[in-house]
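Trainee: Letter by letter, the chains look like this.
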Amino acid sequence: METTEQIRERILASLPGAQVSLVTNPGLAAQHSLLLGAAHALQAALLLRDDAALRLDFCSNVTGVDWPEREVSEADPTAPGGKVKRVVPGFLEVVYHLYSVALGHGPLVVRMRTANRSDQVTLPSLTPVWRSCEFQEREVFDLFGVVFAGHPDLRRILMWDEFKDHPMRKDYVEPDDFEWEPTPHGDVLERARRHYPAPARPAKEPAP
Amino acid sequence: MNPSGLPPLASLPGPQIRAVHDELHGDLLELSMGPHHPSTHGVFRMVVTLDGETVVKLKPVFGYLHRNHEKIAEGASYLGSMPYTDRLDYLCSMTNNWSYALAVERLAGQAVSERAEYVRVILAELTRLLNHTCLAGFLLQDGGASGTPLMYAFREREKILDLFESLSGSRMMCNYQRFGGCRADPSPAWLDSARALVDGYGRFLDEYEALLTGNEILMARTQGIGRLSPQLAVSAGVTGPMLRAAGVGYDIRKVDGYGFYPRFTFRVPIGADGDTYDRYMVRILEMRESIGILRQALRDIPAGPILDPKAKQRGLRPKAGEVYSRIEGPKGEIGFFLISDGGPNPYRYRVRPPSLINLTILEDMCLGQSIADSVVILGSVDIVLGEVDR
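Each protein sequence line maps, in turn, to chains A and B. What the first sequence shows, in our numbering, is residues 1 to 208, in sequence order. What the second sequence shows, in our numbering, is residues 1 to 390, in sequence order.
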């Protein structure tokens, strides 16, 4: 298979104006990936599937990654202390692993990112290109909260329909659905005490 | 909602059945099969819409066994998730272990000892034997052959589970693979009993096939039922014996050549019609090839260490980066996607579940078939709910 950089140039040659950038993987596996802009992602995906040299007809794995807002400190000689802190805004990421059954190569890793983690979480669905995305994008919607525009049946898949939150997000807090059970363990008793705070002691009855 | 102007999903390949319902033909019936139904192989539910006995719509419902395996693994150490992978597809814990160990080894750059590579191939092929044997039994059970084929299958499965138990200490929850090798070294006596089992397995398959393969009822219930086209199978990400039964010769053991598979001679059986009978037959033929691989592996297995004692297990902190790694499990492509941020536990841990993704085209296969056939079609997909729901 061509290198990820060559595939990027191939996409740009056919889709001028598309936002495609290379995300390098610093790890030992060196599976670099292409970051697609949401505006041209569908056309780029179709190109990856139908291009005679690539023919990535098999989308094996679709998953989400949550990247919450984080603070990084960078060296800056002008700032006091030589360092300056910068806030990197958070976003949700969807990762696709593409293979070619026809040509026997792969994987090509393709990513898309949302603008933020709260109100701009819509990305184009790639289910019209690869049918295998149908359930997996539903799972990313369910567990991460990415909304896929153009998905034929976007419902929760693992959690129940009435469920409100997205459990795979890093800042997910489990609901306090604790039930007391008699046990001698101190931490359980402590949790029970926090859960059922002691009622206020009644005022001492005045002496008759 | 469709920014590109592409055709909507309804125009994708696949049968489209339009039900007639007027005063003459009557109403459609919506039937909820499962989650407590013997034919659904666990807590799986299908909401089936029926026109008479014909399926006109089928929506699978998941999540009854969901415990968010991925979230739990993101809070555990790399080694701490290993026993949990046993619980995904609880028939095939050895291949789940291998796939996870392989992903971590690629992430952390650990080499595997030669003897361990052979042991992994042996255990993976034994797992394939037991999975496909059980599947054939369950499929016949779903078709109405109550008891006998399944009991024959379970008798043989128990012999393989005995081997697993004497090696790992547990029949099904083996927790056997480690990063860079395996946990316990198989003794010469163990290898001898594995050889004896492999030598006898062909005879069992002959007996099994004599009962089943040419059986008129099996043929009537499965031939031409639940056809799957190769184009749809590839597009829907179907993998494993289901993909090969649809006529696509794609086997990750051949394509990726992971482990020591390039050292072994074996063929990849493919189906001609993509129907339920082909899915049964491809699995039988795959078992015969597995016996061949096992013979070669048990003949050539070298002496040596099974696990480098210096290979880091506890407190493993792979360099920051990510990896997607996959193997050919008995049910299809079982893969793990790991992102490390350099910490002691994975930042992102994802299982690629073949059982769930193979269900994508369940509706397409069942449309236009009868309700009784949809049970057989589901049986031939070969799902385990521990993996579907995770």
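To be clear, the hints were calculated from the coordinates, so they are not data collected in a lab. Glycine included, every Cβ here is placed at the ideal spot set by N, Cα and C. Do not take every clue at face value.
So, partial list: chain A residues that the calculated Cβ filter (under 10 angstroms) puts toward chain B [to be verified]:
hint	residue
1	GLN19
2	SER21
3	LEU22
4	ASN25
5	ASP57
6	GLY64
7	LEU158
8	GLY186
Trainee: Please go over all the hints and tell whether each is borne out by the structure.
Mentor: Here's how the hints hold up against the structure:
| no. | hint | verdict |
| --- | --- | --- |
| 1 | GLN19 | 14 angstroms, violated |
| 2 | SER21 | 17 angstroms, violated |
| 3 | LEU22 | 14 angstroms, violated |
| 4 | ASN25 | 5 angstroms, holds |
| 5 | ASP57 | 5 angstroms, holds |
| 6 | GLY64 | 9 angstroms, holds |
| 7 | LEU158 | 4 angstroms, holds |
| 8 | GLY186 | 22 angstroms, violated |
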